[in-house]
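Visitor: Both chains come to you apart, so use the hints to assemble them.
Order-wise, the sequence lines are chains A and B. Each residue of the first sequence is one higher than the last, beginning at 15 in the numbering used here. Each residue of the second sequence is one higher than the last, beginning at 142 in the numbering used here.
No lab work stands behind these hints, which were simulated from the structure alone. A hint or two may mislead.
The calculated SDA-like cross-link candidates involving lysine to any residue, where the alpha carbons are at most 25 Å apart (straight line), are [unchecked claim]:
| id | chain 1 | residue 1 | chain 2 | residue 2 |
| --- | --- | --- | --- | --- |
| 1 | A | K457 | B | C259 |
| 2 | A | K72 | B | A307 |
| 3 | A | K488 | B | C259 |
| 4 | A | K107 | B | I310 |
| 5 | A | K461 | B | G208 |
| 6 | A | K488 | B | C190 |
| 7 | B | K246 | A | Q468 |
| 8 | A | K457 | B | K244 |
| 9 | A | K461 | B | A224 |
Listing some non-contacts, in silico: residues in chain B with all C-beta distances to chain A over 10 Å [stated by the list, open to error]:
| id | residue |
| --- | --- |
| 10 | T146 |
| 11 | F170 |
| 12 | L185 |
| 13 | V231 |
| 14 | E232 |
| 15 | A238 |
| 16 | A275 |
| 17 | K276 |
| 18 | V281 |
| 19 | S312 |
| 20 | W313 |
C-beta: ideal position from N, C-alpha, C; glycine also.
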Amino acid sequence: MNSALSPTATRKRKLYEFSGGIHPQEMKSVSNQRAIVTAPMPPKLILPLQQHIGSPGKALVEPGQHVLKGQKIAEAQGRISASLHAPTSGTIKGLQDFPVAHPSGMSDLCIELIPDGKDQWCDLTACEHYEHLSPSEIQAKVREAGIAGMGGAGFPTEVKLHPPHNDKVATLILNAAECEPYITADDRLIRERAHEVVGGMEIMAYVLQPGECVIGIEDNKPEAIAALQDAVKNTRIEVVVIPSKYPSGGEKQLVKILTDKEVPSGKIPADIGVMCQNVGTAAAVYRAVRFGEPLISRITTLTGDCVEQKGNVEVLLGTPVDWLLAQYGYHPDRSRRVIAGGPMMGFTLDSTQVPIVKTSNCILAPSETELPLASHTQACIRCSQCADACPAELLPQQLYWFARAQEYDKAEHHNLFDCIECGICSYVCPSSIPLVQYYRHAKGQIKQQRLGQQKSDQARIRFESRQRRLEQEKEQKAAKRKARAEAAAKAQAKKKASETQAQADTGENT
Amino acid sequence: MSVITTAILALLALAVSFGAILGFAAVRFKVEGNPIVDQIDSLLPQTQCGQCGHPGCRPYAQAIADGEDINKCPPGGEATIQALADLLDVEPQPLDAEHGEEKPKQVAVIREEECIGCTKCIQACPIDAILGSAKHMHTVIESECTGCDLCVEPCPVDCIDMLPLAQGIQSWHWSVPRKHIIASDKTHSPEVSAS
Chain A
15 MNSALSPTAT RKRKLYEFSG GIHPQEMKSV SNQRAIVTAP MPPKLILPLQ QHIGSPGKAL
75 VEPGQHVLKG QKIAEAQGRI SASLHAPTSG TIKGLQDFPV AHPSGMSDLC IELIPDGKDQ
135 WCDLTACEHY EHLSPSEIQA KVREAGIAGM GGAGFPTEVK LHPPHNDKVA TLILNAAECE
195 PYITADDRLI RERAHEVVGG MEIMAYVLQP GECVIGIEDN KPEAIAALQD AVKNTRIEVV
255 VIPSKYPSGG EKQLVKILTD KEVPSGKIPA DIGVMCQNVG TAAAVYRAVR FGEPLISRIT
315 TLTGDCVEQK GNVEVLLGTP VDWLLAQYGY HPDRSRRVIA GGPMMGFTLD STQVPIVKTS
375 NCILAPSETE LPLASHTQAC IRCSQCADAC PAELLPQQLY WFARAQEYDK AEHHNLFDCI
435 ECGICSYVCP SSIPLVQYYR HAKGQIKQQR LGQQKSDQAR IRFESRQRRL EQEKEQKAAK
495 RKARAEAAAK AQAKKKASET QAQADTGENT
Chain B
142 MSVITTAILA LLALAVSFGA ILGFAAVRFK VEGNPIVDQI DSLLPQTQCG QCGHPGCRPY
202 AQAIADGEDI NKCPPGGEAT IQALADLLDV EPQPLDAEHG EEKPKQVAVI REEECIGCTK
262 CIQACPIDAI LGSAKHMHTV IESECTGCDL CVEPCPVDCI DMLPLAQGIQ SWHWSVPRKH
322 IIASDKTHSP EVSAS
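Same shape as in the complex, but just chain B (with noise of 0.2 Å):
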């Protein structure tokens, strides 16, 4: 009987004394917010575009921490659900196209002599990217611009043109090696193989 009673209290101390540390610890290792939100934040592509249903890339980051599917957003494609799921270790699903389609890298061009000065895409805007104020004409900051498109629907006299971004010689970079390239071909000429 005693030997039941002392490991009862045994255990008991022992919960109590692993509670109270824990309890200390939860209190005093509190962190703020949840770090997993943003770390999928820092991989969403940040346009803000609304596309997944979610108003902005930070409500999407914490409702995939929540357990939505992480196949949503069209602007960051095959390699952002790639990443995501290496970042929460699930298996990488197909984009879904309910959400829209992975369109090549957009910009905002505001054909400028047609544009009337409403300042509603300057509002609609959510980085801040264009420039103008009431009745003046204006232009988007091609650089900052994410290609969102959401300056396009609420223009009045549609003067806002989604254009592929131009892929100039300073962007660009090799591509994958076909079979027939040329730099660093052999010579297959006899003195060679000799030596």
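In isolation and in its complexed conformation, chain A is listed as follows (with noise of 0.2 Å):
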């Protein structure tokens, strides 16, 4: 297996860029010069039963039931989806809906957990070597723990470890770029716990059996890299260093620096052989494999000048927002708002009394001086900065329009769904148009209409499929009342007939 024992760090990688991208301010130092600590117990935790993309979770508990940490509170429903467990032991207090960390600031169904202070582990079973499970147990271990993307999209890791319709995978690479500015959950969570990426990445690859593993990192993270270093010496994964550019972390973005191969518009890199994971869902997979622990924590940055503590926080999933902010020294009356995420693709809360989930890496609360609210829009003046700024070689502006016009079948004729997202358009463009928030309103209303469409099919073919079925029914009782009508005339010409002999035979007699 280990074929590579030389350390293939030295070895130097062709790197390849991407079109497009910016150098914002990186903002990083303000919260990666402190060790991870790990938050204090909250008087409550709230775990929403959808913390991923897919299917929601399916509660085990019923109110007033006693938990142990680790215990499975949410079945996986599905395909894609993943379990809850609970990340402490306690009490379930019910399940209701609660706001939750979601740009719509509407709530979902959650389930309340109320700690009971002894923090108490349900059984785990630990595994010393890996290599001694099949793959498909990893898989089921992987399933089992609730693991989900932790660099913020949240798709469930299983789905991911499975190769793409029994393909090779030619690449697995983990992605350790953290190019946003202000997040450094993944630089300390390298600095401090490189064994656990990497030992969580070798069990990738065990699963996944890539060609080549590689880790790409940008140079901003120089700690983290030699950690990493340190780390993957004796293993066949290399640690390359990428230049800082945001968004190199995107994941299309990080498989053409690295590999040269584009995604094609609609795929996904595992529709060429590539997959991407994020070192958190790295550190994740080992802790699951290696001691059975489930995904019950994360590390997560806060940030921003409201708060004084800066830094990052291994935080029991469920914590509240505002409870977590008030023991790092935050300042409401300073902030305006709260983002979960960064700053270019995060969203304001609207309530800070939302829980922490799997997805959340960065929770940034920034003074009005520091990241000030968006001027005035102005008209667009075909300056072109957003086309040259965009990663995905779009062409913003026409976007912009067509989004503007409502010209949705325009706009997906320019790739609209492309789009990452990146709010790169938005950011440099000089008249502060909310470029990247058309195109979300756009994509959301193309979505829509589509499930219409979906949804007047299925009424129509419902519609069709009744009016044949009374059209058959009328036919049959036409068939049967003929039926019947032929039945009584013929029984009546019987009659007549058999009258008609017995007439005959009494004539005769007579």
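Guide: Written as structure tokens, this is what we have:
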């Protein structure tokens, strides 16, 4: 197996460049100087059943039930879904709607857990050597652990541990780029737990059997790079340092940088034999396989001028954001908004009472001078800065006109759905046009229209089959009536015949 | 004289041959049904509600193909009128108020404890979206209901409500950006503007 025992890190790999991209102020040093601290136990945990892409989990617990730390409290439903586990021991208070970290600011079904303070684990099955397990056993363990992509998208990891269409995976990429300003959760994780990250990648490589294993990391994290290079010694994993540029951590962009392959429109990296995983996910996979620990906590960056103790915290899933911020010197009076995620792709939280979920990589509480609200939108001056900076090589101006004029079919023809919503176009626009917001709106409208079309097609099919059925029933009824009438006529004729026969008989007799 | 005869004969010959070709094509490439009706039908919302004055969406599609106004479909609303106008290359008209108003999407809900199981709504539903049998409670399959409200009228105990379809977190999508939006706001710090 270990064919490449020689340290591959020294080999120079050719890097490629994706078009566009920007160099925003990084603002990473404000939060990456302190070691990861473990957040204290909150008075209550709110656990949304949907913290991932796919169908929400199905609750397995009832109000009043006592659960142990790590006990499964919601089961994955369907192929693309993830389970949920109790982050600590305690009592289930209830199952109800709470506001969740979602751009809509809406509520969703959550399990409310009141910790009992004992933090008592349930039984876990550890495994010293993952090689003793079969790939399918590891996949089952990852699914059981409820791991979903921790870089922000939240795609269930187990699904990504299956080779695409039983093809071979050419390249397994671990995404450590962390290109968005402010966020340093992956940086700190690698610095302090590089062996977990590398261990997780080895497990994934064991399952996927890729041609090569690459960790892509931006050159603005020298300590993390050193830690990784140390950890990958005697493995076949290659640490590749890439130049810092936003959004090099975008999946498609990273694939382009490392392999020169472009993901075709409407496809995913798996379609061209590349698998991308996040470093946080790798660490979670390692813990799930090695110690049997489900995903119950994550590392979140707390940053922004309105937080005094900026840094990374290991926080239990379900911890309310306002409570968490309060532990680290948050000044709500100074802050106008709290952003979930980074300044480029994050969204403002309507309420800070929402819980931390599997995808919460950063909580940003900027002051007004730090991240001012957008200034007034002015007319497009056709400067084409957006087109130059677009990493997906789209035509943002055209898309903007189409989205504004609601000409969605034209927007689709201009590959609206290849937009990765990185926010660069809005960022560079000198007229402060909220470009990416228009695209998001247009995408939503198109999806809704498609859904409506699907529904009306379904209704037509049902209507037509009902019409057919009614027609058939009518015909059957008519046929029956006819048959009955015929039978009656026959019987009548028979009766008549027998009567005449009888008459004739009696006539003969007399 | 002979020139004129030749010309007439030549034209006649052409007319006959083209006529034959056209006649053959008309038989050989005959299209079953009217394709424009199918296209119109696919744009209509398929509620089969009859608010347009026709017994269903397809008859209305047929009527539009025969020259009827395109603004008689309240469930489809402006979007459908626009789509029809694009398809037929006519001017979009405002919705004809005579046939009803455009309402937000609705769904029928039976107040189950009041239902007497008369099956009248089941017979009225054009798309078989109501389940139940005689003297047993009925219920609406919400995912199939088009909100046509044809079941409301026949109910003898008035136990069917038309409720607006709740927008859940799953079906939510971004609205048109307002003036002050978050996400991707610019940092107007000197360092950035200098770079």
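Visitor: All the hints need checking, so say for each whether the structure fits it.
Guide: Results of checking the hints against the structure:
1. Only pairs whose Cα atoms come within 25 Å are accepted, and K457 (chain A) paired with C259 (chain B) is rejected, the gap being roughly 44 Å.
2. In summary, the hint linking K72 (chain A) to A307 (chain B) is supported, as the alpha carbons are separated by about 21 Å, within the 25 Å threshold.
3. Annotation: proposed proximity of K488 (chain A) to C259 (chain B) holds, straight-line Cα distance about 21 Å (limit 25 Å).
4. The suggested pairing of K107 (chain A) with I310 (chain B) holds, with an alpha-carbon distance near 23 Å, which does not exceed 25 Å.
5. About 32 Å separates the Cα atoms of K461 (chain A) and G208 (chain B), which puts this hinted pair outside 25 Å; it is violated.
6. Distance restraint check for K488 (chain A) and C190 (chain B): the Cα-Cα separation of roughly 22 Å lies within the 25 Å cut-off, and the hinted pair is therefore satisfied.
7. Restraint check: the Cα-Cα separation between K246 (chain B) and Q468 (chain A) comes to about 15 Å, which is no more than 25 Å; the hinted pair holds.
8. Pair hint K457 (chain A) plus K244 (chain B) holds up; C-alpha atoms about 23 Å apart against a cutoff of 25 Å.
9. This hinted pair checks out: K461 (chain A) and A224 (chain B) have alpha carbons roughly 17 Å apart, not beyond 25 Å.
10. Chain A leaves T146 (chain B) outside its interface by the beta-carbon criterion, the shortest separation being 58 Å against a cut-off of 10 Å.
11. Every CB of chain A lies more than 10 Å from the CB of F170 (chain B), the least distance being 26 Å, so the non-interface label holds.
12. Not every beta carbon of chain A lies more than 10 Å from that of L185 (chain B), the smallest distance being close to 7 Å; the non-interface claim is violated.
13. Residue placement check: V231 (chain B) keeps its beta carbon more than 10 Å from all beta carbons of chain A (closest about 18 Å).
14. E232 (chain B), annotated as away from the interface, keeps every beta carbon of chain A farther than 10 Å; the closest lies near 18 Å.
15. For A238 (chain B), the condition that its CB be more than 10 Å from all CB atoms of chain A holds, with the nearest at approximately 23 Å.
16. Against chain A, the non-interface label of A275 (chain B) holds: every CB pair exceeds 10 Å, the least being about 16 Å.
17. Against chain A, the non-interface label of K276 (chain B) holds: every CB pair exceeds 10 Å, the least being about 21 Å.
18. With a closest Cβ-Cβ approach of about 13 Å to chain A, V281 (chain B) is found to remain outside the 10 Å limit, as its non-interface label requires.
19. Annotated as non-interface, S312 (chain B) brings its C-beta within 10 Å of a C-beta of chain A; the closest such distance is 7 Å.
20. Here W313 (chain B) does not stay apart from chain A, with its beta-carbon only about 4 Å from theirs, under the 10 Å limit.
Of the numbered hints listed earlier, those contradicted by the structure are 1, 5, 12, 19, 20.
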